[in-house]
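Engineer: Spelled out, the chains give:
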Amino acid sequence: MTATYRAYMRPFIRLFTGRLREAPAVLRRGPLRTDAFSSRLHDPRVASLLGMWLGVAFGVCFLTGLVSHAMQHPPSWLVWPSRPVSLYRLTQGLHVTTGLACVPLLLAKLWTVYPRLWEWPPVRSVAHALERLSIVPLVAGAVFQLATGIANIAQWYRFRFFFTVTHYWVAWITIGALGVHIAAKLAVVRANVGRRRGERSRLTDRVSAPEQPGGGLSRRGLAVAVASAAGVIVTTTAGQWVPGLSGLDLLAPRRPDIGPQRLPVNRTAAAARVTAVARAAGYRLEVVGPRPFALTLAGLRGFPQHTSRLPITCVEGWAADATWHGLRLRDLLDAAGIPAEATVRVESLEAGGAYRTSEVNPAHARDPLTLLATGLNGADLDIDHGYPARLIAPNRPGVLQTKWVHRVVML
Amino acid sequence: MNGQAQADQADRRDHNGRHRAVRAVTTAVLRGGPAAAGLAAIGYGVHGLVGMRSATNPPNAAQWLVGGILVHDLLVVPVTMAVGLVLTRLVPAPFRAVLQGALLISGAVALASLPLWRGYGGPADNPSVNPLPYGRNLAIVLGLVWACATAVIAVRAVRAVRVRRARRSHASACGPPAG
Ligand code: HEM
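Those protein sequence lines, which keep their order, are chains A and B.
Quick note: the first sequence uses my numbering, first residue 1, plus one each step.
Quick note: the second sequence uses my numbering, first residue 1, plus one each step.
Just chain B, same shape as in the assembly:
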């Protein structure tokens, strides 16, 4: 190896080293920054939550915080899985996805408006809070969602029939004679 090549190699090593150092610093800033800021924010939030006990009622707040995780992980997800399993058994392929999508939309819309159509909340003396016929309105909105879903299913059904017919006529034209 001549001197020039050696110098080149050292140069490259140096360059690679610097490159790696730059990358390490970038990663540290990109990950360490949000992580440190995040931990500080969590600390600030916890401090405020326990510091204003009379307003935040920490035991009750903790019940709701932990309850949210438990209800989601041990109720919402298993129920969704069970529904998925039933759908797998009952509904054939090209339609199942549409049904799942429509169920997802229906569930999310119903959840986001749950107190309204269940009739929870709102002071008795103030008719301008929750004033609408929410049961009827939810039925209208979900009716539209399911009308769209039905239309998609119909399109898919027609397409499936066409494909099957095309395949059958293709088979009878080119296949070996039956019997």
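In isolation and in its complexed conformation, chain A is listed as follows:
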């Protein structure tokens, strides 16, 4: 059975792995020479170890990215919970921090394998050509994700595509190329990593050579430098979302206590063009359900008031705690006769834009912490924080904490 199978497969295997004719040797010049790259850091064991770290880091970024995507575009089968309160703060904080820490990891990894770009012969077989081809989406995707991510958190929009959508699709390409890459390099990793790697050294011809003496950075030195670089980056940026570390926040785009009422703002009232309507005397909050009603500003204050300590957790990776006060969303819904299992839509005074409205599922709408807030940190809401009223709910990205709310509609 195995023998006939093998006989059947042989032509296909030969098609893929048969050696192609070698390119003429006169072309072998410059970086294509055998000894063109002398650094002792160009080594398969170093590449394998850095690759494993990079694989873990990209895996974390991909999974936390999927969480963020699912929260903003929930598939029908997913009910995102309102607890734990800071789950999204954790996943999105990790996403951005891990991505930033990938900068030294990726640069070092690419340095260790750079001579492979000038490998001779350029292609040995069809399989080898395909494997090399799969490196293109891998490197392009990895560099793209880090570069656009760094630009986006600084709100530096030099690209002419919509960031979240493009970053999402390129993430699939990158993680897919990483899967292919791991499959292609598994033998090299096994021959170079692990206590029993010696027994596996015949799996491949890419086996680490003993380190030559030299005056430059050693392999261990490279590991120390890469770990230090990642450590410095994490230490000086994680304070934008980790409670208690904001004093170390020196190189992140946000500081949790800087902004109107000591809280950062993502979209100002001026940018959203709501300054005049939000301050208009005729403001009414409409609640649309079985028993619809409308409230004036005074009416809002007439409802039972509550206080919630909740963070704003931004998709851009920062999070800031604040004390909110206002009325419980569920009290409003009850007053309008909206049933407990209903989803509602919260609408802003904005005339348009992707985040004019947001949907609130029952888990969030009925959570006692969820407020239609009118006050922040002991004063009325600043216009940039959503005056006269905004949504604030636990475990939800900031872009869905709709500001300048004027309608709540049962769906």
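Treat the hints with care, since some could be wrong.
What the hints assert, rightly or not - No farther apart than 25 Å at their CA atoms in a straight line, the calculated lysine to any residue pairs in the SDA-like style are these:
no., chain 1, residue 1, chain 2, residue 2
1, A, Lys185, B, Ala40
2, A, Lys185, B, Leu70
3, A, Lys185, B, Leu30
4, A, Lys185, B, Ile69
5, A, Lys185, A, Ala129
6, A, Lys185, B, Ala37
7, A, Lys185, B, Gly33
8, A, Lys185, B, Ala21
9, A, Lys185, A, Leu32
10, A, Lys185, B, Gly68
11, A, Lys185, B, His170
12, A, Lys185, B, Val66
13, A, Lys185, B, Gly32
14, A, Lys185, A, Arg33
15, A, Lys185, B, Thr27
16, A, Lys185, B, Arg31
17, A, Lys185, B, Gly43
18, A, Lys185, B, Val29
19, A, Lys185, B, Gly51
Just so you know, the hints here were simulated from the structure itself, not pulled from any lab data.
The hints should help you fit chain B with the ligand onto chain A, whose structure is shown.
Structural biologist: Just chain B with the ligand now, kept in the frame of chain A:
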């Protein structure tokens, strides 16, 4: 060869064959699984990227994708190599590694915060975006990095002097009389 030995050998062959088959299947699953899933994910990503043209602007996205590779392979690496070459000429052995490490850290930290200390980005009407004095902060962070590097260099220099002195006194005690 008696019957028992023959049976043993056949048994072993059988066992080896089965062992090999198990290994082949394991490899196929370990490598084929990620490879197939990976190809599917690439296909899904490309499909999404070209399917939502108005949001992803494929020509511009492609420019950034290809640009990333080109900038890295034809600019970042050659520049790093040139810096390495200059360091090899200028800086002696035990200190060069420290310098290279400190440069790597500085470069990575500066790159990860590039738009901030360059003053790129952030809407003019929102002072809570990029609110810090990033040039000064980068100087503080890199100042600390280089202070550590200097300390390591100093330790290495002291050690090198000690070794040289020990060698010299060893040589004068045991070496042949000079002149
Ligand atoms: C974003 C992630 C990664 C990028 C951008 C990347 C990039 C590269 C590139 C460009 C090469 C040279 C390709 C060639 O040999 O033609 C390479 C080789 C290699 N990679 Fe990765 N890699 C990544 C992740 C990983 C992971 C997760 C692993 C292991 C689990 C890994 C292990 C290896 C190994 C063993 C080699 C071969 C080194 C040699 O033969 O000297 N890489 N990588």
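Engineer: What hint numbers does the structure not satisfy?
Structural biologist: Numbers 11 and 19, in rising order.
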